[in-house]
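Colleague: The task is simple: from the sequences and hints, build the whole structure.
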Amino acid sequence: MRALIIAIVCASGVARADTGFESKVQVYADDDHTTVVSPTVSATADVTADTNVSLGYLADVVTSASVDIVTQASPTTIHDTRHQVSAGASHVFGALTLRGGYSFSQENDYQSNTFNVGGSRELNDKDTTLALGYTLSLNAVGRAGDRNFEQDLDVHMVSASWTQIVSPSLVTQVSYELGGAFGFQSSPYRFVPIRAGLDAMPTESIAETDPDTRWRHALVVAANRAVFDDSSIQGDYRIYHDTWGITSHTIGARYFVNFGKKVELRLRSRFYTQNAASFYQAVYTSPQQYMAYDRELSPLWSETIGGKLMYQMTDRLEAEAKLDVFYYSYSDFPPLSSRTGANVGVGLSLTY
Amino acid sequence: MKRLLILILALLCAPAIAHAFPAGLQFDNDPMNAGMQGDGAGGIPFTGAPRWAGHTCDVCHTNAPHTIGLRVEADHPEIFTDGWKPKTTYHLRVILTGEHAGVAYKASGDMCGQQFDPYTPCDENGFAIEMDDPQGVPAGKLFAFANGACVTTGTPPPDADTRVMKDGTAATHNGAHMGQTTWDLCWTSPDAGTRTITAYVTAVDGNGGDGTADFPNDTAGDDVAAGAVPLPEAGAPPLDPQTGGCNATDASDASGGLLLVAIVLAFRSRRALALVLLLGGACVHVRPHQRETLAERKMKFSPDPSEDELDLHMQESREGSSGGYGSAGGGCGCN
Chain A
1 MRALIIAIVC
11 ASGVARADTG
21 FESKVQVYAD
31 DDHTTVVSPT
41 VSATADVTAD
51 TNVSLGYLAD
61 VVTSASVDIV
71 TQASPTTIHD
81 TRHQVSAGAS
91 HVFGALTLRG
101 GYSFSQENDY
111 QSNTFNVGGS
121 RELNDKDTTL
131 ALGYTLSLNA
141 VGRAGDRNFE
151 QDLDVHMVSA
161 SWTQIVSPSL
171 VTQVSYELGG
181 AFGFQSSPYR
191 FVPIRAGLDA
201 MPTESIAETD
211 PDTRWRHALV
221 VAANRAVFDD
231 SSIQGDYRIY
241 HDTWGITSHT
251 IGARYFVNFG
261 KKVELRLRSR
271 FYTQNAASFY
281 QAVYTSPQQY
291 MAYDRELSPL
301 WSETIGGKLM
311 YQMTDRLEAE
321 AKLDVFYYSY
331 SDFPPLSSRT
341 GANVGVGLSL
351 TY
Chain B
1 MKRLLILILA
11 LLCAPAIAHA
21 FPAGLQFDND
31 PMNAGMQGDG
41 AGGIPFTGAP
51 RWAGHTCDVC
61 HTNAPHTIGL
71 RVEADHPEIF
81 TDGWKPKTTY
91 HLRVILTGEH
101 AGVAYKASGD
111 MCGQQFDPYT
121 PCDENGFAIE
131 MDDPQGVPAG
141 KLFAFANGAC
151 VTTGTPPPDA
161 DTRVMKDGTA
171 ATHNGAHMGQ
181 TTWDLCWTSP
191 DAGTRTITAY
201 VTAVDGNGGD
211 GTADFPNDTA
221 GDDVAAGAVP
231 LPEAGAPPLD
241 PQTGGCNATD
251 ASDASGGLLL
261 VAIVLAFRSR
271 RALALVLLLG
281 GACVHVRPHQ
291 RETLAERKMK
301 FSPDPSEDEL
311 DLHMQESREG
321 SSGGYGSAGG
331 GCGCN
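Going line by line, the protein sequences match chains A and B. First residue of the first sequence? That's 1 in my numbering, and the numbers climb one at a time after it. First residue of the second sequence? That's 1 in my numbering, and the numbers climb one at a time after it.
In silico lysine-lysine, BS3-like type, Cα no more than 25 Å apart, as pairs:
| hint | chain 1 | residue 1 | chain 2 | residue 2 |
| --- | --- | --- | --- | --- |
| 1 | B | LYS141 | B | LYS87 |
| 2 | A | LYS262 | B | LYS300 |
| 3 | B | LYS141 | B | LYS85 |
| 4 | A | LYS126 | B | LYS300 |
If you want the footprint, here are the derived chain B segments under chain A, 3+ residues with CB under 8 Å:
| hint | segment |
| --- | --- |
| 5 | 52–65 |
| 6 | 293–302 |
| 7 | 313–322 |
If you're looking for bench data, these hints aren't it; they were derived computationally from the structure. Note that CB positions come from ideal geometry on N, CA and C, so glycine has one too.
Modeller: What follows is the structure in structure tokens.
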């Protein structure tokens, strides 16, 4: 008998190597006089074959003279920096993966502690993945220059998702998220003018008062399909509704294409539209229980288009550059009718 | 209709098989025949082949951790590279690697089971294999291997490693010996022109039942592995990769197309969306070797989490909605 020779290995155990370091800088700028520079660094490492840990740092360096600021009593340009540190860990128990994480965010007038736990389970010989998650965010809201102002905001989020491999070239996902926010949700800097009409002088300005409770529902369906030999096209749709009366629709599309083994291009488009919150009015002629002077609660639509180029410099080092351009249209927010801007970013990632 | 029949058979099989398959004969037995000692698979070997809708041992041995592996060896190693030659008999060996379930009973060897007092659980493992042509039809002929030779004529001895099923389309463990992790068999290749043959192979690492004589061969706690090994025909051009699952590439791709359409029409027919999703999840099984594309970054829903976090933070501070796409981090984003 000739020697039997190993031909192929169909090992069921999958190496889950995911060790690397990543650094990015993203710059946001819009024609509403707001600029945000966001450097990030993150590292992730497999400490055992089944356990992964991650650490991250993110900053938002904000310079703004937006309409939110200049419409208040003391027009000025504000400067603020948000720092966020985060840590996470995950462990694989066969077909079950459990994860947990924590992040701390601090800025001049806002502090946030966020905890998250979750798990995912592979079923049907890894064709199906079900995931559940829970996030708790405990926030302390302050107001610059006012030590006596301190409000709390607690946010709970529960999410569930079903990812299904439909064929060797098609993956689908359905996810649902329920969020509950309890506490102070207004802006501590915004005051609502009470006036007879759009062109009338305000008789008084009252601090913005949003409801203390907000329940959010978001359902997303998505599909990712490989096309040709080197491309994929992704599509997703989100329908959102909350107890403040906002219903929104989001349609996203992304196209990935590889040029050889080293270059990958991503093109994307995102369309968003929402109606106004039930208590939102462009003009308040008399004080109401709930009042908002917030463009995010007004009817709006937006479109974002952009591209991202990724270049594999070596086997382990990848560079990227991105540019997204966006446009927001506000149909019923008197101080601002539109906003145009861009997100520009560069990054490096090192993987082992 | 054929697919439906297979699924019905599989579903009927699942609750019926209270026992594993200590003897390969049970794969041929009627699933409901009360007169048999133990249940049967009704002629289905659960190799993971397209004709069985991709179903493997996982159908009955549920919740397996999938930590074991499979290896296929051949006495003519060029079969895996240069390809198989027509009308040639090959000696194949299926090897279960990383066995962990029931290893405590391995030392007992064949001295186990209900006929021994005190009762000792058995380290029962098993496998199944079939060789299919590009159309998913079994090709060539399988034989048992015994006493150092392929049993191409006559009846194999009762303690041969492998038993060929009655219809000759698949081979399984014979079940004569316990603690086995290797099984030898033979395969005579078909005529020239059949092109790429795929060996669909699956195995069970049995844990010895629940440890009592009352239920010696339950299907819980076992481990399962499955794989597919393409064997090109020597001198013939290779075929496009097969997709398996639901018996055809076209079938699975068609369900994908329907799914996309259903998402587009979600406003108009949510019931249709749910139905198509359920159908997609129920009948399609994508083999591990077919996941090369799925493993690429471009097929991830969130290929760059750190970028997503930055984008979501910006979007959620500019819009009235949030949720559904993952975490946007903390902080106000009030400007």
